[in-house]
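What follows is the residue order along each chain.
Protein chains: 2
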Amino acid sequence: MSFKVSEDVAVCGGRLLKLSHFSQVIGTIMNVNVYLPKQYYSQTDNKVIPAVYYLSGLTCSPQNASEKAFWPFQADKYGFAVVFPDTSPRGGDVPGDPEGSWDFGVGAGFYVNATQKPYDKHYQMYDYIHKELPTSLDEYFSNGSRLDFVDNVAITGHSMGGFGALAGFLKNYDANRYKSCSAFAPIVNPIKVPWGRKAFGGYLGADEEAWKGYDPSELVKKVSNRGNDRILIHQGTKDPFLESNLKPELLLEASKGTSWEGKIDLKLVDGFDHSYYFVSSFVPEHAAFHAKNLGLI
Amino acid sequence: MSFKVSEDVAVCGGRLLKLSHFSQVIGTIMNVNVYLPKQYYSQTDNKVIPAVYYLSGLTCSPQNASEKAFWPFQADKYGFAVVFPDTSPRGGDVPGDPEGSWDFGVGAGFYVNATQKPYDKHYQMYDYIHKELPTSLDEYFSNGSRLDFVDNVAITGHSMGGFGALAGFLKNYDANRYKSCSAFAPIVNPIKVPWGRKAFGGYLGADEEAWKGYDPSELVKKVSNRGNDRILIHQGTKDPFLESNLKPELLLEASKGTSWEGKIDLKLVDGFDHSYYFVSSFVPEHAAFHAKNLGLI
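Each protein sequence line maps, in turn, to chains Y and P.
Residue numbering for the first sequence follows full-length UniProt numbering, beginning at 1 and increasing consecutively.
Residue numbering for the second sequence follows full-length UniProt numbering, beginning at 1 and increasing consecutively.
FYI, nobody ran anything at the bench for these hints, they're computed from the structure.
Ideal Cβ placement from N, Cα and C applies to all residues, glycine included.
Accuracy of the hints is not assured; some may be wrong.
Across the chosen pairs, the derived CB separations fall in these ranges [unchecked claim]:
hint, chain 1, residue 1, chain 2, residue 2, range
1, Y, 175, P, 145, 55 to 63 Å
2, Y, 63, P, 150, 32 to 40 Å
3, Y, 285, P, 43, 22 to 30 Å
4, Y, 213, P, 91, 46 to 54 Å
5, Y, 63, P, 258, 42 to 50 Å
6, P, 297, Y, 229, 39 to 47 Å
Pairs of lysine-lysine, DSS-like flavour, derived with a Cα cap of 27 Å [to be verified]:
hint, chain 1, residue 1, chain 2, residue 2
7, Y, 68, P, 68
8, P, 212, P, 117
9, Y, 267, P, 38
10, Y, 131, Y, 198
11, P, 171, P, 263
12, P, 267, Y, 38
13, Y, 77, P, 77
14, P, 222, P, 192
15, Y, 238, P, 4
16, P, 18, Y, 68
17, Y, 4, Y, 18
18, P, 267, Y, 77
19, Y, 247, Y, 263
20, P, 68, Y, 4
21, Y, 77, P, 68
22, P, 267, Y, 68
23, Y, 77, P, 38
24, Y, 267, Y, 212
25, P, 238, Y, 38
26, P, 77, Y, 292
27, Y, 212, Y, 117
28, P, 77, Y, 238
29, P, 38, P, 77
30, Y, 171, Y, 267
31, Y, 121, Y, 18
32, Y, 68, P, 38
33, P, 238, Y, 4
34, P, 77, Y, 68
35, Y, 38, P, 68
36, Y, 256, Y, 212
37, Y, 238, P, 38
38, P, 68, Y, 238
39, P, 292, Y, 77
40, Y, 256, Y, 221
With the rest of the complex left out, here is chain Y (with noise of 0.2 Å):
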């Protein structure tokens, strides 16, 4: 479970460590860079450090949001590390899309573990990110680090990662996974929508029925919120897929008559697109959102 250290970058108060490490799971090396804040730098500061896990929008490495979301200040202000892995499996013998398009395949793994050939032996992101990653990095930095990668943790994504984010943290929400999540234009309910259709077809199968699993707008009505858990989700008026492919009101409507009714804090925000533009725009109020629920305010 190593990790190689290919950049480690000074930004704010802390450091950026550009990571890459065999994964058992994925089968290939993977990429995922980690913002350490501040605070772990600090001969006096003796609190522990949680994470924020931030899963990137289709086409993206983990470069993208580590350079244009601008995560680090507020990782500063309020003393966790952020995590940004990549969207899929890459290089090698990874299968990409058969049309050559950016909605499947490879930068587009949908966070779900593939059952489909020949996408089955690369394609298990699911596992990836909600097992196999987080064990990894505590394993990695626990040498009397104080970084708590698996217990105290958050997370939240943009657009197909926002979807990963709702996903993830519904499906393991039970066994009490995360203990904030939050997204920025998410995919509500990729069953009834063009990327999510093709994803999952792709991936999961003809099944509709074995999609459902993933569906955030499925799962709100199988989960029970524990009691007043909330989830905050921004999304842009002007956000070019807002109509065909994001369609937060869907979120809202299973939600009804539902433990989270009530529960799923929609911000509709004039004029805002899908670019990091909107995302970086609304970081901080995430930030404040998540650093609240991971008990550091």
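Fit chain P to the given chain Y structure using the hints.
Below, chain P alone, put in the same frame as chain Y:
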């Protein structure tokens, strides 16, 4: 002097306008991004909004710093606009580097007025940045606007752009053109380093006396500080160009015995490199510096 708005993007509390216009002095279409802060869109605010010019480094277009330097939060905090000009003319018959490298020609205009053929036809970046662009922006936004792109303005930049900011500030100091100047990892003594010698040789010709008119380390000897004006510079210690092309100590040495001695605040920051991770980490400090000099705080 009209501008075409190719994109108008919501960012933080304001908008990033991606503009282009035909420049008379350059003789081509030029791209420029302008961030207008939330105060500009406020119905109740009536303060005049000054501008900070951010000159980018080698190879950059207006997009790089717009996406990665994170000025918008700071612009909203203090109430200034930010102008991101391009680094050279582009397209059509604009000649590039005969050697095909990235440190001369397109993306590397060095903010000087070229006197040598074939560069003299389009590479008039000094007049563009310090005269035509501000006037054009002021004219374009003048209709009842509270924006000031000419009178109460600051200038900063990164690397080649840090040089451009220092040279432009000092060359126009007696005219009180810029109220504030800072730089991120600037080239401070171009006539003594490879990047500067190549650029000045190509744009200004063999006579090195002509080069001195643009060199910050020469200009500090000729321009008298009015009183307590200070220049803020950040420089990372792990910058790969530190010892070959940047050498900030040369500016401090040049200022010794002049009216600028002790008024150039060079902050060597441990472990930082030459990237936007470095720039964005110190934008808040530069923003506060300019806000004070512009009378905003």
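Results of checking the hints against the structure:
1. 175(Y) <-> 145(P): 55 to 63 Å: holds (56 Å)
2. 63(Y) <-> 150(P): 32 to 40 Å: holds (38 Å)
3. 285(Y) <-> 43(P): 22 to 30 Å: holds (23 Å)
4. 213(Y) <-> 91(P): 46 to 54 Å: Given range 46 to 54 Å: holds, Cβ gap about 52 Å.
5. 63(Y) <-> 258(P): 42 to 50 Å: At 43 Å between Cβs, range holds.
6. 297(P) <-> 229(Y): 39 to 47 Å: holds (40 Å)
7. 68(Y) <-> 68(P): holds (5 Å)
8. 212(P) <-> 117(P): holds (20 Å)
9. 267(Y) <-> 38(P): Given that 27 Å is the threshold and the Cα spacing comes to 19 Å, the pair holds.
10. 131(Y) <-> 198(Y): holds (25 Å)
11. 171(P) <-> 263(P): OK: residue 171(P) and residue 263(P) at ~17 Å, within 27 Å.
12. 267(P) <-> 38(Y): This hinted pair holds, its Cα atoms lying about 19 Å apart.
13. 77(Y) <-> 77(P): Holds - the C-alpha atoms of residue 77(P) and residue 77(Y) are around 17 Å apart, at most 27 Å.
14. 222(P) <-> 192(P): holds (18 Å)
15. 238(Y) <-> 4(P): The given pair, whose Cα atoms are some 20 Å apart, holds under the 27 Å limit.
16. 18(P) <-> 68(Y): holds (18 Å)
17. 4(Y) <-> 18(Y): holds (8 Å)
18. 267(P) <-> 77(Y): holds (22 Å)
19. 247(Y) <-> 263(Y): Holds. Residue 247(Y) to residue 263(Y) sits at ~18 Å (cutoff 27 Å).
20. 68(P) <-> 4(Y): holds (26 Å)
21. 77(Y) <-> 68(P): Holds, because 19 Å separates the two Cα atoms, which is no more than 27 Å.
22. 267(P) <-> 68(Y): Holds, at roughly 25 Å.
23. 77(Y) <-> 38(P): With Cα atoms ~23 Å apart, residue 77(Y) and residue 38(P) stay inside 27 Å; holds.
24. 267(Y) <-> 212(Y): holds (25 Å)
25. 238(P) <-> 38(Y): The hint holds at about 18 Å.
26. 77(P) <-> 292(Y): This hinted pair holds, its Cα atoms lying about 24 Å apart.
27. 212(Y) <-> 117(Y): Holds. Residue 212(Y) to residue 117(Y) sits at ~20 Å (cutoff 27 Å).
28. 77(P) <-> 238(Y): holds (24 Å)
29. 38(P) <-> 77(P): holds (9 Å)
30. 171(Y) <-> 267(Y): Holds - the C-alpha atoms of residue 267(Y) and residue 171(Y) are around 23 Å apart, at most 27 Å.
31. 121(Y) <-> 18(Y): At roughly 25 Å apart (the allowed maximum being 27 Å), residue 18(Y) and residue 121(Y) satisfy the hint.
32. 68(Y) <-> 38(P): Given pair residue 68(Y), residue 38(P) holds - Cα atoms ~20 Å apart, limit 27 Å.
33. 238(P) <-> 4(Y): holds (20 Å)
34. 77(P) <-> 68(Y): Within the cut-off at roughly 19 Å; holds.
35. 38(Y) <-> 68(P): holds (20 Å)
36. 256(Y) <-> 212(Y): holds (18 Å)
37. 238(Y) <-> 38(P): holds (18 Å)
38. 68(P) <-> 238(Y): holds (22 Å)
39. 292(P) <-> 77(Y): holds (24 Å)
40. 256(Y) <-> 221(Y): holds (9 Å)
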